[in-house]
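Asker: In case you want the letters, here they are:
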Amino acid sequence: MSTWKTQLERMKLPYPQKAALQREIAVHLEHCPEEDAEAFSEENLAELYWIHNTVILRLFETFPRKLRLTFEYFLAGAPLVASLIYLHREDYMLEFIRQGGVGMYVVLIIGAGLGSREILLLFRVLVVKDHSEENLRVDTMTVLVGVAALVLLGVSATVLGG
Amino acid sequence: MARSQGTFLVLMALLEGPKHGYEVSKFIEAQSSGFFRMPFGTLYPILHRLEKNGFVTCTVEASGAEREKKVYRLTASGKKQAEGEVSEYQLFTRAVNKLMPG
Chain A
-10 MSTWKTQLER MKLPYPQKAA LQREIAVHLE HCPEEDAEAF SEENLAELYW
40 IHNTVILRLF ETFPRKLRLT FEYFLAGAPL VASLIYLHRE DYMLEFIRQG
90 GVGMYVVLII GAGLGSREIL LLFRVLVVKD HSEENLRVDT MTVLVGVAAL
140 VLLGVSATVL GG
Chain B
21 MARSQGTFLV LMALLEGPKH GYEVSKFIEA QSSGFFRMPF GTLYPILHRL
71 EKNGFVTCTV EASGAEREKK VYRLTASGKK QAEGEVSEYQ LFTRAVNKLM
121 PG
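Going down the list, the sequences are from chains A and B.
Per my numbering, the very first residue in the first sequence carries number -10; after that it's consecutive.
Per my numbering, the very first residue in the second sequence carries number 21; after that it's consecutive.
The hints are simulated quantities; they were obtained by calculation from the structure and are not laboratory data.
A portion of the hints provided could be inaccurate.
[Claimed, not checked] Chain A stretches covered by chain B per the calculated footprint, using a threshold of three residues with CB under 8 Å from any CB of chain B:
| id | stretch |
| --- | --- |
| 1 | 1 to 14 |
| 2 | 22 to 31 |
| 3 | 89 to 98 |
Just so you know, even glycine gets a beta-carbon here, dropped at the ideal spot from N, CA and C.
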């Protein structure tokens, strides 16, 4: 892979912008093949990063990683906390869960875990547009396995009366 | 090449009419008889910054299989900016010429 492609690939740019930039340079190089071996200077890469990244991501990068993670976990957890508060107020829902027994609690805990994980990922990918490899990895297996586990748990709990 | 100098050259190239990125690069090199070179690594950050600042707009043209060419053109404010920079540069070169030894 050419140096410039590797440089762009490593950059934490939102993917549509990164792909558009790569296509644009590829067309450029068809007409100026002598530049193929060129690389971006650090200054130029920094400028592309500044131009194409979201304000939120640039802002996040000024904070320590721990603070950023805390904020993200808070955002991912907020809908769950809101749901819990709502459930706590509704007696018939609490009764429904109580009747479900241990199995119901397990299902709820796993479901809540999966849900907050997906909210976190959606926030990172769609709002912040942090398209780093870690966030873009298509991790459908975890969701599928999680959903299958939920169904199995639900069925088992119903059958066993748990 | 200094960033502001690069921006000036790109604005000059686009003042001549809309161009693809590589045409901007070729134009600058040809018009300056090879004195200035604008490789893609320098050119695209400048073009994209000008676009973000509203001095340049970009339209996409289809070009062969799965290829898209982006054509850059100056906006009204870009044209004004470019013309302002030309006048400033002309004053600068006139002043420097006067200072040059006989």
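Asker: Take the hints in turn and mark each one as holding or not.
Answerer: Hint-by-hint comparison with the structure:
1. 1 to 14: n = 4 at 8 Å, threshold three: holds.
2. 22 to 31: n = 5 at 8 Å, threshold three: holds.
3. 89 to 98: With 0 residues in contact (Cβ-Cβ under 8 Å with chain B), the coverage given for the stretch 89 to 98 of chain A is violated.
Hint check: a violation occurs at hint 3 only; the rest are consistent with the structure.
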